[in-house]
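Engineer: Sequence:
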Amino acid sequence: MHLIWENLVKNLVLHWTNAFKGLGQGAGSYHIEKSVWDAIGAGAAASGSTIPGSFGARPPNFAAEKMSSTADTWSFWTLYLAPIQLERTFADKKYYDHFVELVRLLHMCLQFEITRTEVEGIRQGFIAWVEKYEELYYQYNPDRVSACPLTIHALLHIADMILVAGPVWAYWAYAMERYCGIIRPDIRSKKHPYASLDRGVLETAQLTQIGLLYNAQDCLQILNRRLSRPDRKGSMRVVGYNYTLLPPVSSNCADPSLITRVKKALGTRYNLSRKPQVLKRLASSVIITQYASVQVDSGDRIYAYSALTETQRAERRDATYVRYEVLVDQRPRDMNEANAIFEKETFFGRVQHLLCVRVPSDPAAGVLEPETILLAGITPCDISNKHDVLDIHVYKDESPTEELVDLNCVMCLVGRMRYRKRHWAIIDRSGTLARAVYEPDN
Numbered sequence: 007m008h009l010i011w012e013n014l015v016k017n018l019v020l021h022w023t024n025a026f027k028g029l030g031q032g033a034g035s036y037h038i039e040k041s042v043w044d045a046i047g048a049g050a051a052a053s054g055s056t057i058p059g060s061f062g063a064r065p066p067n068f069a070a071e072k073m074s075s076t077a078d079t080w081s082f083w084t085l086y087l088a089p090i091q092l093e094r095t096f097a098d099k100k101y102y103d104h105f106v107e108l109v110r111l112l113h114m115c116l117q118f119e120i121t122r123t124e125v126e127g128i129r130q131g132f133i134a135w136v137e138k139y140e141e142l143y144y145q146y147n148p149d150r151v152s153a154c155p156l157t158i159h160a161l162l163h164i165a166d167m168i169l170v171a172g173p174v175w176a177y178w179a180y181a182m183e184r185y186c187g188i189i190r191p192d193i194r195s196k197k198h199p200y201a202s203l204d205r206g207v208l209e210t211a212q213l214t215q216i217g218l219l220y221n222a223q224d225c226l227q228i229l230n231r232r233l234s235r236p237d238r239k240g241s242m243r244v245v246g247y248n249y250t251l252l253p254p255v256s257s258n259c260a261d262p263s264l265i266t267r268v269k270k271a272l273g274t275r276y277n278l279s280r281k282p283q284v285l286k287r288l289a290s291s292v293i294i295t296q297y298a299s300v301q302v303d304s305g306d307r308i309y310a311y312s313a314l315t316e317t318q319r320a321e322r323r324d325a326t327y328v329r330y331e332v333l334v335d336q337r338p339r340d341m342n343e344a345n346a347i348f349e350k351e352t353f354f355g356r357v358q359h360l361l362c363v364r365v366p367s368d369p370a371a372g373v374l375e376p377e378t379i380l381l382a383g384i385t386p387c388d389i390s391n392k393h394d395v396l397d398i399h400v401y402k403d404e405s406p407t408e409e410l411v412d413l414n415c416v417m418c419l420v421g422r423m424r425y426r427k428r429h430w431a432i433i434d435r436s437g438t439l440a441r442a443v444y445e446p447d448n
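With this note's numbering applied, the sequence shown corresponds to residues 7 to 448, in that order.
No wet-lab data here; the hints were simulated from the structure.
Treat each hint with caution, since some may be false.
Said to hold, decoys possible - Have a look at the derived ranges for each label pair, beta carbon to beta carbon:
(1) Thr-210 to Gly-246: 51 to 57 angstroms
(2) Gln-336 to Thr-210: 30 to 36 angstroms
(3) Gly-246 to Leu-218: 28 to 34 angstroms
(4) Leu-20 to Gln-215: 45 to 51 angstroms
(5) Ile-193 to Ala-33: 49 to 55 angstroms
(6) Leu-116 to Arg-243: 42 to 48 angstroms
Since we're looking at a predicted model, the values are computed, not measured.
Ideal Cβ positions, reconstructed from N, Cα and C, are used throughout, including at glycine.
Between the sequences and the hints, there should be enough to build the whole structure, so can you do that?
Structural biologist: Here you go:
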């Protein structure tokens, strides 16, 4: 935390804003005009409305509200927002490329799993990055030696730290800051705040011990409110899905176009495209229920855009965009199904509907027992560009056609940020953790 977010990143920002120890930019050209920097700060703050709340706190306007910036907000800005905002900001692109290389190395450091080969890549990467830093900011000028604080040298030891102590997520977790955030709500008395804290810590410890003693940790949802599964009237779980459907619920699906899409999805699922009469009978007998939102067991809560009111759309942080992965036939014009070749492809889009479809048994359709399937209606984003180095995708328009996919194809929530006025950049924080692995049948 202190090495990267509280020192390195802040020092880079000071360099860019002509506030680093009075050095100026020397023979370089990395200064950013104040008006441009103010616009970057305002853009970061505005992005909070299009980034899900599960991603963390709203990004502050760090140009105007410096006291509101924490290590957590600096890390989110560095890893996800800055590569979007700083593109075409510097007079010379080499400063942007140098920063992007830092972001790439930090993403590698934060991987959940890391190989020794990758650790060696981190070692060589930071060596090259520090050498380039000396060229760009120190400029081999003894009068600018203050541009090389100890934190720059410390980057060269990160690879050794990983080999000794393991992946950095295990000890870059801001444990003390997180704990302070957990116990802060326990302060109920302004007159006796420490007594309130003591009582909250004691009662939490007591509940934890009760859960461990009687193997009842799952029942004590109060100890982990964010990740606890919702247990409320109208919620539902379906076998085979790691999701909980949440109300409000609508059992009246009168939208003809939506019913047609469900019919098409059933035809694909049960391979009934060439059996129109069987498909028609099956589609007419299913029961369709619409849900407003769904919560992934890992914590993300995804909303159906069509279920939100205008007020909710304006006031809530947008949690309707997702990344999903489906198998796509690489030979769509070949009518011989035996020649079909499927490959997994990644898409992004907005969830319009969340459907629970109860399918009755129909031996002619291959449905031997009644089953329940969950579908997500998504309008795909037409990806027009991708970052050369980082996992950042750009789109301008969304497809007007909604497609239904199995809810298990939905991997995770994603955020968005304005990009060059008319485009959007997609912010995907999942990395490799939410990547499905497709193993074709032999």
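Engineer: Go through the numbered hints given earlier and state which of them the structure violates, listing their numbers in rising order.
Structural biologist: Going through the list in order, the structure violates hints 1, 2, 6 and respects the others.
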